[in-house]
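*Asks:* Add 228 to the 1-based position in the sequence shown for the numbering used here, that's all there is to it.
It is worth saying that the hints were derived from the structure and are not from the lab.
Watch out, some of these pointers could steer you wrong.
Below, computed lysine-lysine pairings styled on DSS-like, alpha-carbon distance capped at 27 angstroms [what the hints assert, rightly or not]:
1) Lys-735 / Lys-236
2) Lys-657 / Lys-601
3) Lys-657 / Lys-604
4) Lys-604 / Lys-593
5) Lys-236 / Lys-734
6) Lys-740 / Lys-236
It should be emphasised that the depicted structure is a prediction, and the values quoted were computed from it without experimental measurement.
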Amino acid sequence: MLTHLHIKDLAIISSLELEPAAGMTVLTGETGAGKSILIDALGLALGERADNDMIRSGCNRAEITATFDIAGLTTARTWLAEQALDAGDECILRRVLVRDGRSRAFINATPAPLQSVQALGELLVDIHGQHAHQSLLRRGCQRDLLDAYAGHRPLLDETARLFRQWRTQDESLARLRAASEDRAARLDLLRYQVNELENLRLGENELADLDEEHARLSNIGRLRETTAQALDALYDREGSVQEQLARISRELEELSALDGNLAGIRELLEGALVQVEEATAGLRRYADGLDLDPARLGQVENRLEEIHDLARKYRVRPQELADRLDRLQTELNELEHAGVHLSNLEEQVAALRADYLRRAETLSKQRRQAARKLEKAIVRLLHDLGMPEGRFSVEIQAQPQERAGPGGLDQIEFLVSTNPGQPPQSLAKVASGGELSRISLAIQVATIQCGLIPTLIFDEVDAGIGGGTAEIVGQLLRRLGESRQVLCVTHLPQVAAQGHRHLQIKKHTDGKTTHTDVQALEEDERIREIARMLGGMEITGRTLAHAREMVSNSRD
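My request is simple: use the sequences and hints to build the entire structure.
*Replies:* Rendered as structure tokens:
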């Protein structure tokens, strides 16, 4: 849901803050006040193309920020998480237009290409009235809406699962068939490589043990020298550590008779003396075992060279040779049994394909049943919305298996005709923005329980209508607002009276500059605005009474 819209220096807007609420919000104002600029601004935040001429005169840049509450919108949260743009329950889209440069877009303060902003925006807002940024014009969204209306999510999920399994196994089959073409040559190579690596007979920890032994044998002279120096310092020479510790200990023993506090310190020195003696004994044993063994050093170096040579040959690190052998053995085993494996895989692919086609056929039947029901509901609404000759149909065409997808084999398109003798055509070809808005309204009301997109914006929905039709449009918008967030730009009092909330757009000028602001109307202010819409600039007691009655009736 859209919770905040900030616009700065766009067209005639210097600075504007809008905080839409849940339910149906109507936006009214005199012609030229800037109502449609708000919709254009939101479109820019959602990734629509920008024109630098939209920047307010005398300014170098314009900025639009749209904030959304996505706590309950799984599709948007998933998309953001996949793009590493997740920021919790809130999503902020920002667009900056620069007069002498390219525009920039941001998602949660991170720069983003327009394509990404548009993809996210399609999950957040539907704008009806202009052909840009309207999900109902896209076939994929039309199919999703029909599926949601049909309520067969488990069947959809099962069809998608079977499709993925079929495609995965089919790709494995293709690779296996391609590999079979040079099977003999590959078998010879694999057998040679496996034999060569097996003959190495590399032990589990052999490489680490060899490296450790080589380090010791190749540094025997240094080890001997350092060990001798340590023994000399600890014990052998005059004034050694052992000798000095023993002398100090004896002296402290004598002094302890004078001050008992020295007894504890002497005990510590006695302990240190014992440790020095043990360390000395350990060093002597170590030194006795330090024998120079050129023959063993040569054996170790030869073995290490053998291991490293093979590692270079197979372009792996020495410690990865065992893993390489395992992979080669696995491939060899698969290739040696490729005939059996190929036959089994062909059977699996055929079975998965048959299962997928059965589910896709069931899915198609359910779609056709739901389509007939949806068509009737939408046609009734079109007639109520002032299109007595309106016809609506859902075209479902079966695609060849080569174009199969996780959503089945159906190509789905919504078709509409609003005039006698006019053949049904796609929604994108409806010329009138007002007609398209009312058709979209009918579709949204008929599928009100589906709720795929949380925020709906209607512009031009009241173009070319009035009277009873306008009242029905308002009632349907209010009905939508019971479960979705609806923003509607309107010129008709019958529509405005149905809103849960009323915002008035005003234009002000001081003779030099013009700016627009927005005001949330209280009850009396709202009645005066609807009265203005009913009777023009001169508001009478009669128009006020009529406006009050319209607002009251909308709540019944």
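*Asks:* Hints first: check each against the structure and report whether it holds.
*Replies:* Against the structure, the hints come out as follows:
1. As the CA atoms of Lys-735 and Lys-236 are separated by approximately 15 angstroms, the hinted pair is consistent with the 27 angstroms bound.
2. A hinted pair counts as satisfied when its Cα atoms are at most 27 angstroms apart, and Lys-657 with Lys-601 qualifies at roughly 24 angstroms.
3. A C-alpha spacing of about 21 angstroms is found between Lys-657 and Lys-604, which places the hinted pair at or below 27 angstroms, so the restraint holds.
4. This hinted pair checks out: Lys-604 and Lys-593 have alpha carbons roughly 17 angstroms apart, not beyond 27 angstroms.
5. The hinted pair formed by Lys-236 and Lys-734 meets the criterion: a straight-line CA distance of about 16 angstroms does not exceed 27 angstroms.
6. Of the pairs offered as hints, the one joining Lys-740 and Lys-236 holds, with about 19 angstroms between alpha carbons and a cut-off of 27 angstroms not exceeded.
No hint from the list above goes unmet by this structure.
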